[in-house]
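Chains as they are written, first to last, in this note's numbering: chain A, 1 to 196; chain B, 1001 to 1496.
Honestly, the hints are just simulated from the structure, not real lab data. Possibly wrong hints are sitting among the right ones.
To be verified - Example chain B residues on the side facing chain A (calculated, C-beta under 7 angstroms, incomplete):
hint : residue
1    : A1068
2    : Y1079
3    : P1283
Please read all numbers here as calculations on a predicted model, not as lab measurements. For every residue, glycine included, the Cβ atom is placed at its ideal position computed from N, Cα and C.
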Amino acid sequence: METPDMKPDDPAAEPKPCACQGGAVPPEAEKSTRRELMLKVGIGLNVVAGAMIGLPLIGYALSSFVQKMPLAWITLGALEKFPVGTTRLASYPNPNSRPWDGDTAMIPCWVRHFEENGEQRFQVFAINCAHLGCPVRWFEESQLFLCPCHGGAYYADGSYAAGPPPRGLYEYEYKVENNELLIKGGVLPTLADTNV
Amino acid sequence: MMPVLKNIYQWVDDRVHVTKLFESTAGHHVPLSAGSWFYVFGSATLLCFIIQVLTGTLLAFVYVPSAAEAYTTLEYLTYQQTLGWFLRAVHNWGSNFMVGIMLLHMTQVFLWGAYKYPREITWISGCILLFLTLGMAFTGQVLRFDEDAYWGLGIGAAIMGRVPLIGEGLVHLMLGGPIIAGETLSRFFSLHVFLIPGTIIALISLHLRLVLTKGINEYPTPGVLVKRKTYDAHYKAILKREGVPFFPKAIDKDIVAAAIVIFGILAAAVIFGPKGPSGPPDPTQIDTLPRPDFFFLWIFAIAALLPKDLESIVLLAGAPVIVLILFALPFVCNEGEKHWRRRPVAVVSVIMIYLVLGMLTYLGATSPWSPEMDAWAEDTTPKEFMIDRTPLELQGALVLQYKQCRNCHAIDGIGGHRGPDLANVGTRLTAPQLTRQVLQGGGNMPAYGKNLSPDETTALVAYLVSLRPAGVPAARDSTTPAVPPAAASAQQASVQ
């Protein structure tokens, strides 16, 4: 069965609008100004509607750009866990944790307990190397923190020793309350936000 | 039977115009010379993308993009889900092949001058597709939510944190909060599965559309120059002279290449299997050696080798500068010679770029700048560095081991390679110089002054001085008298 003479793209097949009758002003001219107005109103309405739906979307997507998560005091446990003269690994739960964080809810840090001028003091260092954030490891015998990524090295007090880091280790604010060591945490320290 | 099918086809074609669409796309005319083995990389890249979409979609049947569950579902996919390991392997190797073939495609169109008039937008859209594909590689590495993914995010955040003024906001935007957590994985999932692939599909459409409207680059002839005024007529003439429909006259090599690519991906997937997952994404397990995936090892190497003052500038400005150069290329070199034989600068640039990227990738893979974290406890000392030593020197050997010097210093190649190998250090530095270096550090070595007793230092330096080949005298400086020439030559004779 052949389809008889169907040429859907043939312009002759469609009825042509004819504006050539008579000498009077064709009604289309008036119509078109009305249509133009309609088009303008339509565009205007859509700009408003687009903004009303678009701005909240942008606000949602960028919320973490502006939203400040509050830092919180978090306990690292009883002081006995950190004997004087040692540097030990501790971990604490992220204060802004979500139920679906899984393993990532816990954040490690280094706790140094030392005596200076007869006074007992702490230093709590972020795990993240100041170079590119890899986890530094403590070496008791050489009293150094070493980074496994690019070989950044820090002395026991967190100060810069060698390698590519632009500064010493990031340090948490700490306080001792009810025989517990507390730190102010809740942010991944970077050069933009040193957490100190 | 056949007439019925024919009728059905005609009915459908009448409604949706398949034949017309096919003729104007797959059947578009190309210069016969474009049916070359060098012209197969574009379609091969597209094929890789299709494989990635198919395997990725199926992996998402099982994968759960939740920080708490992702690792478990990866293990389930790898070890329990029927053929899950196979899909993971094909997806991983498909991505390797895609980046590799895409680079070949880019190299080819660069050397064949295809980016010149009138195909500027084709080149630029291709460059954006390369960046998006690398974006897929990075986000995909994060979705393989293991320890490397976690610390890879940390590295990304640390680089973002170097941006002046808005660094903090950018870090939080990237991580979906102030810290790597559940929301980080969710947004990388959205990027990897919706945003970037959607953009890639849109840009592939543009890229292919431009191939149709502006035509595929004719195989260049040395000496035939591109001129804006005459090129269009020139190309039309070529098509008139030797134009053939791409399908079925010029597609043969693409088809063969497609099969080779699929066999290649399958072979790699079956032989090498899926990548990871390595340890769970538990940040409290710090006994880890974070390494990025293959494509980013060169950046990892740059981060180790740059001088400190240059680092932030290069890490942050590097990408925009590369983008700018790539985008500017078709406008700066819009006309002229296309054939690589008459474009020595282009050829040398390609060789240099491949050498630099290859060298940096090799260094990134071996990372000699990283300390060997367990060398002090595990690495052996070759016996020639132990025999015929005094008790003091042997005590020094213990100090060297115990104070973890071996983590950065190898002895005869065994140990870390961050610092110099100590096998011949006694021939390079005198005892006072060694003492100063050990106590004060410097030149990328920490100072051990607070950390070594005088006795330990004495023993260590005595051992270091003894580290030199038999018969070679210890290093001396201008304050120690030179060995008399006669004695020296006698010594040399005995060495030989």
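- If you check each hint against the structure, which ones fail? 2
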